[in-house]
Amino acid sequence: MLSILVVLVALIPLFFVAGYAFSIGWGKAVTLIWRPRVGELLRNTGLLVVGCVALTAVLGTGAAWLVERTTLPGRRLWNVLLVAPLAVPAFVNSFGWVSLTAKVEGYAGAVLIVSLSYYPLVYLPVAAILRGLDPALEETAASLGYGPLRTFARVVLPQLRPALLGGTLIVALHILAEFGALQMLRFPTFTTAIYDLYRSSFNGPAANMLAGVLLLSCMMLLTLELRLRGHHRYSRLGRGSARVIPRRRLGRTTAPCLLAVGALTALALGVPLGSLVYWLVTGSSTDFPLRDLVATTATSLGLGVAGAVLTMTLAFPIAWLCVRRRGRLTILLERSTYFGNAVPGIVVALALVTVAIRFAPAIYQTAVLLVFAYAIMFLPRAMVSIRAALDQAPPVLDDVSHALGSGPLETLRRVTLPLIAPGLGAGTALVFLAVVTELTATLLLAPIGTRTLATQFWSNSSSIAYGAAAPYAALMVILSAPVTLLLTRNRWRSMPV
Amino acid sequence: MRINGRVASAAGVVAVMLAVAACGSSSAPGTASGTSASAGAAAKPELTLYNAQHEDLMQLMVDDFTKTTGIKVKMRSGEDPELGAQLVQEGAKSPADVFVTENSPAMTNVAGKGLFAKVDDATLAQVPAQFAPADKDWVGFAARSTVFVYNPAGLKAADLPASLMDLSQPKWKGKVGISPGGADFQAIVSAVLALKGEAATKAWLKGLKENAKVYQGNSAVLKAVNAGEVASGVIYHYYWFKDQGESGANSKNVTQMYFGNQDPGAFLSVSGAGVLKSSKHPAEAQQFVKYLNGPAGQKVLADSKAMEYPIGNGAKANPALKPLSELQPPTVAVATLNGQKVVDMMTAVGFL
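Line order of the protein sequences matches chains A and B. Going by the working numbering, the first residue of the first sequence is number 1, and it counts up by one from there. Going by the working numbering, the first residue of the second sequence is number 498, and it counts up by one from there.
The hints are simulated quantities; they were obtained by calculation from the structure and are not laboratory data. One or more hints might be untrue.
With a straight-line cut-off of 27 Å between C-alpha atoms, the simulated DSS-like cross-links for lysine-lysine are [to be verified]:
#: 1; chain 1: B; residue 1: Lys703; chain 2: A; residue 2: Lys28
#: 2; chain 1: B; residue 1: Lys672; chain 2: A; residue 2: Lys28
#: 3; chain 1: A; residue 1: Lys103; chain 2: B; residue 2: Lys739
#: 4; chain 1: B; residue 1: Lys672; chain 2: A; residue 2: Lys103
Computed from a predicted structure; not experimentally measured.
The whole structure should be built from the sequences, with the hints applied where relevant.
Structure representation (structure tokens):
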């Protein structure tokens with residue numbers, strides 16, 4: 001029952017957009033969707049997705065191969081540095097670039113900067129697969145006369161397919177939802193256009209119809225990925241365990257390879273952090289309004305904790321059902337929550353504003369509504385972590401506990417929870433991180449007087465007060481860093497899907 | 498399982514409530530300044546202000562108001578049309594007591610839905626009659642002039658446009674920067690619409706869509722003109738003065754031109770304030786509006802770094818500004834500026 005309720009809440013944005021299109025009538029919806037501006041946005045968004053998917057695939061796979069399969073010096077350090085850009089929100093990264101040079105504005109700059117922010121999402125899964133590959137296949141290929149390049153293309157790459165598809169899908173979904181970075185880079189996409197329309201008409205029909213198109217694009221991506229993935233089997237057959245793969249000696253190419261990884265790190269991490277430090281030190285509008293900084297940090301922390309707790313609480317029963325009572329209905333329930341992945345924050349916010357005004361005025365303009373928006377958006381992250389943890393906790397222990405006379409509550413408290421605690425921790429951390437750096441839903445839904453690190457950063461940087469914006473950005477990076485470090489240790493298991 | 502799930506959820510909900518309560522109390526950092534001074538004023542209500550003016554300016558005025566009256570004000574900030582449309586949707590249920598904008602078209606939208614209470618006559622008397630609509634639904638408290646900013650390195654004096662309308666001509670392709678997503682430019686368009694009519698405005702917008710480079714905000718336009726990314730731009734006067742006042746880093750290569758001559762490009766936009774009919778504290782709300790365009794509020798405005806024009810009777814603008822009397826703005830009745838129509842037209846042309 002409870003699970004169904006949660007799923008219904010998670011689906012509010014979908015119902016809402018569909019209902020809205022229906023309520024304004026087909027004719028009006030068509031005139032609002034079928035106009036040149038929408039074509040322009042579609043073209044921009046599509047080109048950006050294609051460019052970034054290609055670039056992140058190359059950067060992520062290349063870096064992962066160097067770290068996992070070669071004798072590159074300092075591999076452990078590189079592994080951390082290559083994942084670290086995840087701790088710098090994309091809009092802080094583009095702030096770093098834009099505040100130094102206007103040359104990055106437009107398509108090329110957008111592809112570059114967004115890719116630099118998101119390539120770790122490809123790097124992480126690809127590195128995990130590369131580490132676990134059975135060398136036998138590659139040795140067979142070599143014995144059949146394939147050179148190293150051909151082996152990579154014909155043997156390794158096909159095995160990377162699920163990781164590459166999964167990783168680039170996340171990149172694509174992130175791009176569809178990305179707002180701050182692209183607004184700063186003056187590259188309009190659906191998400192930035194919806195925000196502009198929101199500023200010009202609150203939740204008017206034009207904004208809602210754009211949200212509908214955006215939602216459709218997200219769903220198309222998800223379907224496309226399912227199709228491409230196909231039904232191949234990738235796990236190893238046969239007995240015994242795979243050997244550790246011998247690393248490829250880089251020899252004389254060591255220096256260029258080091259240079260490449262170094263350059264990637266410098267661009268993805270050095271530029272934004274360097275520019276933050278620069279503005280902190282020299283910005284004319286920099287002052288450290290200590291009270292404001294403390295108050296905003298406290299608000300961000302509070303919302304982050306509230307969002308994480310609510311999201312985990314809502315996700316738990318569904319994940320539990322899905323693992324322990326597997327059936328058609330529970331699978332459907334589980335899949336429905338993943339929908340939140342495809343819903344950009346701005347669509348969720350737009351839907352909740354309108355729904356709350358009409359049907360729930362009591363929670364309109366309160367933190368409760370905002371926290372619910374977070375829960376809808378980040379439910380998938382929580383689900384993934386809880387599921388993975390539950391999968392590894394043998395149900396037989398529950399049975400043993402029951403047999404020894406413990407009631408369901410007692411079993412939950414003494415057996416299940418301790419077993420899955422690390423997974424719950426990772427999930428909470430992931431959701432917390434996402435909430436702290438969330439911008440669009442917060443801009444639209446934050447209660448009167450509430451300022452978060454992200455919104456304060458945004459309002460300062462959009463009025464070109466770079467110095468004043470820098471402290472808020474720095475605080476966001478500092479809050480995100482520990483969670484990102486956790487990711488490099490836990491590797492792929494707890495990645496947001 | 499069902500029991501487990503429920504208990505877990507209940508615990509979670511309690512935790513959320515606690516956390517929400519905690520962050521609720523830590524919010525609104527800026528409005529706390531006047532509290533200690535007014536210990537005896539615990540009974541005074543707190544006003545809710547929907548603020549579309551620059552937040553830093555309004556914070557100064559609010560703080561001064563709170564200091565003298567003991568009435569606290571909390572702000573929700575946004576853009577003119579956004580907050581205006583929000584008020585229309587919220588209707589009688591709106592938590593807002595006062596609405597303050599940068600430009601008047603959003604005031605007209607809200608007034609059109611009958612959501613404003615009449616402004617007190619004494620408050621109206623504090624500014625010249627042209628700065629308020631005849632039906633007394635709201636009142637002006639500040640003004641800003643449209644300007645043409647250009648980089649002399651990229652644009653010769655002989656090539657300067659004689660009128661804002663010229664910018665739709667093909668020769669301006671790629672040479673003019675604007676921020677059409679913002680309320681400021683939309684107000685300028687509303688003036689063009691009021692002065693030139695719908696057909697001419699539509700044609701002008703179409704030409705501009707071809708020519709203009711789009712930026713996010715007027716500060717970004719100024720910065721781009723300064724850096725030579727675009728030869729010119731259409732913004733309000735105070736961005737240049739504000740930047741000059743700070744360091745000049747984003748305006749040192751920029752010259753301002755006032756169209757004057759009653760051209761649409763000399764449009765003087767009025768920032769308005771009004772009391773919502775649904776306000777639960779109408780007396781205090783009226784008091785706040787009276788403060789805004791009264792001597793005390795106008796002085797805070799004039800002394801601030803905002804560089805907008807005060808318009809109260811006898812109020813003196815910052816001497817660095819070109820005097821209000823020399824701007825030669827076109828005559829537009831404030832009540833005729835239509836925000837919603839402009840947004841629809843700009844959506845149709847593809848700016849939004």
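Structure-based check of all given hints:
no., hint, in the structure
1, Lys703(B) x Lys28(A), "holds (22 Å)"
2, Lys672(B) x Lys28(A), "violated (35 Å)"
3, Lys103(A) x Lys739(B), "holds (25 Å)"
4, Lys672(B) x Lys103(A), "holds (17 Å)"
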